[in-house]
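Undergrad: Letter by letter, the chains look like this.
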Amino acid sequence: MGSVISAAALPWAALDSVAPKVCSFEECGKDSVQLVGGKCASLGELINAGVRVPPGFALTTRGYAQFMREAGIQAEVAGLLDGLDHEDMDKLEEASHAIREMIESRPLPIELEDLIAEAYRKLSVRCYLPAVPVAVRSSATAEDLPGASFAGQQDTYLWIRGVDDVIHHVRRCISSLYSGRAIAYRMKMGFPHEQVAISVGIQKMANAYTAGVMFTVHPATGDRSVIVIDANFGFGESVVSGEVTPDNFVVNKITLDIIERTISTKEICHTVDLKTQKSIALPVPAERQNIQSITDDEIGELALMAKKIEKHYGRPMDIEWAIDKNLPAGGNIFILQARPETIWSNRQRTTGAASSTSAMDYIVSSLLTGKRLT
Amino acid sequence: MKFPVPHDIKAKTIPGTEGWERMYPYQYQFVTDDPQRNQYEKDTFWFYDGLHYPEPLYPFDTIWDEAWYLALSQFNNRIFQVPPVRGVDHRIINGYVYISPVPVKDPAEIGERVPNFMERAGFYYKNWDALEAKWKVKMEATIAELEALEIPRLPDIEPLSVVTEGIGESTGYHLLKNYDDLINLGIKCWQYHFEFLNLGYAAYVFFMDFTQKLFPSIPLQRITQMVSGIDVLMFRSDDELKALAKQAVTLEVDDIVTAHRDWADVKAALAKHRQGNAWLAAFEKARYPWFNISSGTGWFHTDRSWNDNLNIPLDGIQTYIGKLREGVSIDRPMEAVRAERDRITAEYRELIDSDEDRKQFDELLGCAKTVFPYVENHLFYVEHWFHSVFWNKIREVAAVMKEHGMIADVEDIWYLRRDEIKQALWDVVTAWATGVTPRGTTTWPAEIEWRKGVMQKFREWNPPPAIGVAPEVIQEPFTIVLWGVTNNSLADWAAVQDIGDPDSITELKGFAASPGTVEGRARVCRSAEDIRDLQEGEILVAPTTSPSWAPAFAKIKACVTDVGGVMSHAAIVCREYGMPAVVGTGVSTRVIRTGMTLRVDGSSGVISIITA
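Those sequence lines, one after another, are chains A and B.
Just so it is clear: in the first sequence, position 356 is 356 by the UniProt record's numbering, and no numbers are missing.
Just so it is clear: in the second sequence, position 334 is 334 by the UniProt record's numbering, and no numbers are missing.
Incorrect hints may appear among the rest.
Partial selection, computed: residues in chain A whose CB lies under 10 Å from chain B [what the hints assert, rightly or not]:
{"id": "1", "residue": "V226"}
{"id": "2", "residue": "V228"}
{"id": "3", "residue": "E260"}
{"id": "4", "residue": "I363"}
{"id": "5", "residue": "K371"}
With a Cα cut of at most 16 Å, we get these calculated EDC-like pairs of lysine to aspartate or glutamate [stated by the list, open to error]:
{"id": "6", "chain 1": "A", "residue 1": "K311", "chain 2": "B", "residue 2": "E347"}
{"id": "7", "chain 1": "A", "residue 1": "K307", "chain 2": "B", "residue 2": "E347"}
{"id": "8", "chain 1": "B", "residue 1": "K359", "chain 2": "A", "residue 2": "D361"}
{"id": "9", "chain 1": "A", "residue 1": "K308", "chain 2": "B", "residue 2": "E350"}
{"id": "10", "chain 1": "B", "residue 1": "K509", "chain 2": "A", "residue 2": "E260"}
{"id": "11", "chain 1": "B", "residue 1": "K126", "chain 2": "A", "residue 2": "D361"}
{"id": "12", "chain 1": "A", "residue 1": "K311", "chain 2": "B", "residue 2": "D353"}
{"id": "13", "chain 1": "A", "residue 1": "K308", "chain 2": "B", "residue 2": "E347"}
Worth flagging that the hints you see were computed from the coordinates, not collected in a lab.
Here a beta-carbon is modelled for each residue, glycine too, at the ideal position from N, C-alpha and C.
Can you make the complete structure from the sequences, with help from the hints?
TA: The following block contains the structure:
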C-alpha cells in the first residue's frame with residue numbers, strides 16, 4: 001500500500017489534460033469508464049444507443065482529482081489508510097469516519113462549483129423545472145464491470161434540489177469512496193486505493209408513478225426468450241430492496257406479448273414527501289393494493305426497450321426503469337440503469353443434445369425417455 | 001394422481017342401461033371373470049379420449065375406433081417397432097372410449113427393437129416425400145373405388161342379362177359383398193391414415209420438446225408458428241369459396257347469390273340468367289372433391305359435409321361477397337404469415353447459446369417441416385373426403401334395410417354394430433331370396449328403440465377423465481399428443497365441473513392458442529349450421545371447428561373452443577388472421593351463452609365472462 005499518493009501515480013492523471021471536469025451523459029459511452037465511472041458511462045452508452053434515460057451530467061474523475069488535489073488532504077488520507085487490517089472493522093470505521101469528515105468539510109474548487117452550477121441550471125431549463133430534483137449517485141471506475149461487483153458500495157442520494165444541496169451531496173458521494181466497506185473490499189480484493197477513482201452522476205429524478213426492474217433472461221430458468229418485469233407503484237426502491245412482492249410479468253421477447261402475469265398485494269411504495277422534499281415509504285391505499293401497477297402498453301414499451309438494450313450490449317441485461325408521472329404517455333418511460341446479468345450469463349447452458357446429431361437419433365432417444373407426466 | 005378402478009365404475013351400471021355392453025365389440029369390455037385380464041386392467045392406466053370422443057359412441061361409429069386401434073398399433077408394434085411401446089389398447093365404459101399405450105417393460109427387448117426402428121422408421125424419414133407421393137396415389141385409388149361402389153336395391157326379379165350372359169350371381173350376393181367391400185375400404189383407408197401419422201407426430205412432438213428445453217417459457221403457439229405458412233389441403237375448400245365469391249362479383253351475379261338464404265332459391269334464380277349458369281357450372285366444378293368436407297371432425301356420422309347441406313358453403317360465399325363489396329381483401333395473408341414465421345424462427349434461433357443445440361434445432365425443425373403437410377393433409381383425404389362419401393354409402397345400405405322393414409328410419413342404422421348390420425343384411429337377403437319376412441323386422445326396431453334410450457342416458461353421464469394407475473412417463477407419440485391435451489387441462493376441467501351452478505363461473509382456462517386480447521359478444525355455435533347466425537365482430541364459441549367453418553373466421557374477432565390443442569384448426573386459422581384464440585377449454589359451450597360479453601386473452605389462455 002503506497003503511503004504517499006503522488007498525482008503522477010494516479011491513472012486519471014494520464015487522461016488528456018483537456019478531458020472535461022464536468023460533462024453531460026450524452027458525451028459519455030462505454031469507453032469513458034476511466035473518466036466518468038461505470039454508471040455514468042453506461043447511462044451515456046444507453047443514451048447513444050437510442051434508449052430514453054433521464055438526462056444528467058457527471059463530475060468526472062478529472063474533476064474529482066482536482067478536488068482532492070486542491071483540498072490538500074491526499075497525504076493525510078494516505079496516512080490514515082496506511083497499515084490498516086481489512087478484518088479490523090473498528091479501526092476501518094474509525095479511519096473511514098475521519099476521511100469522510102475531511103472530504104465533506106472541504107469546499108469544492110470555485111471552478112468546479114461553477115461548472116456544476118451551470119450544468120445543473122442547464123438541466124433544470126431542459127426539464128422545464130426550477131431547481132430540478134435530481135439523484136446524485138457515485139459512479140466508480142471499478143463498478144459495474146464484468147467480474148467485479150462494486151454495485152451498491154457507494155452512495156446514492158435521491159430527490160436533491162438546488163445547487164448548494166447538489167454540491168453538498170457531490171462531496172458525500174466522493175466521500176463514500178472511503179466508506180469502511182469500500183476500503184475493506186478494495187484491500188481484500190487487492191485493488192490499490194490510488195487505482196480507484198470516482199465520478200459523480202447528477203441525474204434528473206424520474207418522478208416515478210411506477211417503477212421496477214427487468215431482466216432479459218428468466219431469472220429462474222435461464223430462458224433467454226423472455227423478459228421478466230417486476231413493478232410496483234412509486235420509486236423502484238421498494239422493488240430493488242425486496243420490501244414488497246411486486247407485480248410480475250413474463251413477456252415473450254420475440255413477439256412482445258405478455259405470457260404470464262401475477263398481480264401481487266403491494267402494501268408499500270416509495271414516493272417524495274412534498275413538504276420535506278425527501279423520498280419516503282408510504283402505505284399503498286387498500287383499493288390500489290391489488291390492481292396492476294403498470295399498463296399493458298407500458299409493459300410492451302418496456303420490453304421493447306429491454307430488447308434494444310440487450311441487442312446493443314449483446315448479452316442478457318439487468319435493468320432498472322421508471323415511469324414518470326409528470327410527463328405525457330409516449331415519452332414518460334425511462335431506463336435508470338442497465339448492467340450485464342451475471343448469474344445465467346456465466347453459466348453455459350446445454351440441453352444434452354450434443355450426444356445426438358441427427359433428428360432421427362434425437363427422436364429415438366426421446367422416445368426411449370418418454371414424456372414425464374406431472 | 002389417483003383415479004377410480006375401472007371395474008368399480010363398471011359395477012355401477014346406470015339404471016335402465018343393463019346389458020349396454022352388447023352394443024359394442026366384446027373385447028372392449030372390462031372383465032371380472034378372467035383373473036389374468038382383470039389384473040392387467042387394474043394395473044393399467046386408462047384415460048378417456050375426450051379429444052376424439054366428446055360424446056358416447058354410436059355402435060356403428062365404433063368402426064373408426066376399431067380401425068385406428070388396429071392401424072396405429074400395428075405400425076407401432078409390428079411394422080416400425082417403436083422401441084419402448086407396443087400398441088394402444090382400448091376399452092369402452094358407458095359408450096365412452098378409454099385408451100392405454102402398452103409399454104415394453106423388458107429393457108433387453110427395448111434394446112432389440114431399437115435397430116429395427118432405426119432402420120424402418122429411418123427409411124420413412126429419409127424417403128418421406130417419395131413415400132408420401134406413393135401414399136397419395138394409393139389413397140386416391142381407394143376413394144375412387146369407394147365412389148364407384150354400388151349398393152344395389154333388391155329386385156323382384158333379376159334382370160334377364162343374368163340369364164343371357166350366364167352371370168350366375170344374384171343382387172342379394174352383391175349387396176352382401178358390396179357391404180363387405182365398403183367396410184373393407186374403410187378399414188384399408190385407415191391403414192393408410194396411420195402409415196405416416198405416428199412418425200409425423202414423433203417428429204413434431206420432439207421438435208416441440210427440444211424447443212421447450214431451450215426456452216422453458218416458449219408458448220406452444222410459437223413453436224407451431226415455426227412450421228406455419230406451409231401450403232396444406234386443409235384450406236383448399238375455403239379457397240374455393242373465395243374464388244366463387246370473386247367470380248360472382250366478376251360475373252355480376254353477386255346480387256342473386258346473396259338474395260336468398262336457401263341454396264334451392266339461389267340456384268333457381270341463377271338458372272334464369274346466362275351468367276348465372278356460368279357461375280353454377282363453376283360451383284359444380286368446385287364441389288368435386290372440395291365440398292366433401294365435413295362440418296365436424298368427420299369422425300361421426302352426424303358430421304355432415306358441405307355436399308349434404310349446400311346452405312353452409314352458400315353462407316360462406318355470401319360472407320366473402322360481403323367482404324369484397326366492402327373492399328376488404330379475403331385472401332389469406334400468406335406472405336405475412338411466412339415473413340412472421342421466418343422472423344420468429346430466426347430470433348429464437350439467435351438466442352440459442354451453443355452451436356450443438358443450434359444444429360439440433362435446425363435438424364428437428366427441418367424434420368418437422370417435412371412431416372407437417374402429411375400431418376395436416378391426411379385429414380382432408382381420410383376424415384373429410386373418404387368419410388363424407390362413406391357415411392352416405394352406409395345410408396344407402398340403411399335405405400335397403402328400411403325398405404325391408406328392418407329399421408324404421410335411415411338414421412337408425414347407427415345404433416347397430418357393423419357386424420350386426422352384416423347379419424341383418426343376411427337376414428334380408430335370405431328372406432328376399434326365399435320370399436318370406438325377415439326375422440329382424442320384429443327384433444331390430446325394438447332393440448334400436450331401447451338403444452336410443454341407453455345412448456341418451458350415456459350422454460347425461462360424465463366420464464371420469466382417467467381411470468386406473470397413472471404411469472410416470474408416456475412414450476407412445478400419439479398418446480403424448482393426446483395426453484398433452486388432456487393432462488394439462490384435466491385439472492381446469494375438473495375444477496369447473498365441480499361447480500354445481502354454471503352461472504357462478506366467471507372465468508375459464510384453456511390453451512393459449514393465438515395471442516391478443518379482445519372483448520366482445522359471445523355466439524355459441526354447436527354446428528356448422530349455427531354459424532350462419534354469426535354476426536360481424538362476435539366471439540365464436542364452439543365445441544370445435546373444422547375447415548368447413550373457415551368462412552366464419554372472416555366475421556369473428558376471437559374464437560373459443562371446448563376441444564383442441566395448439567395445432568387445431570381454430571388455433572391455426574386465428575394465428576393466420578392475427579385474432580385471439582383459446583382452445584381446449586373443455587366446457588365453454590356449456591358455461592357460455594350467446595349474448596354474454598367475454599374478454600378473451602389468447603396470450604394467457606383465460607376467458608373472462610364480463611357480463612351475463
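Undergrad: Hint by hint, which ones does this structure get wrong, listed from lowest number up?
TA: none
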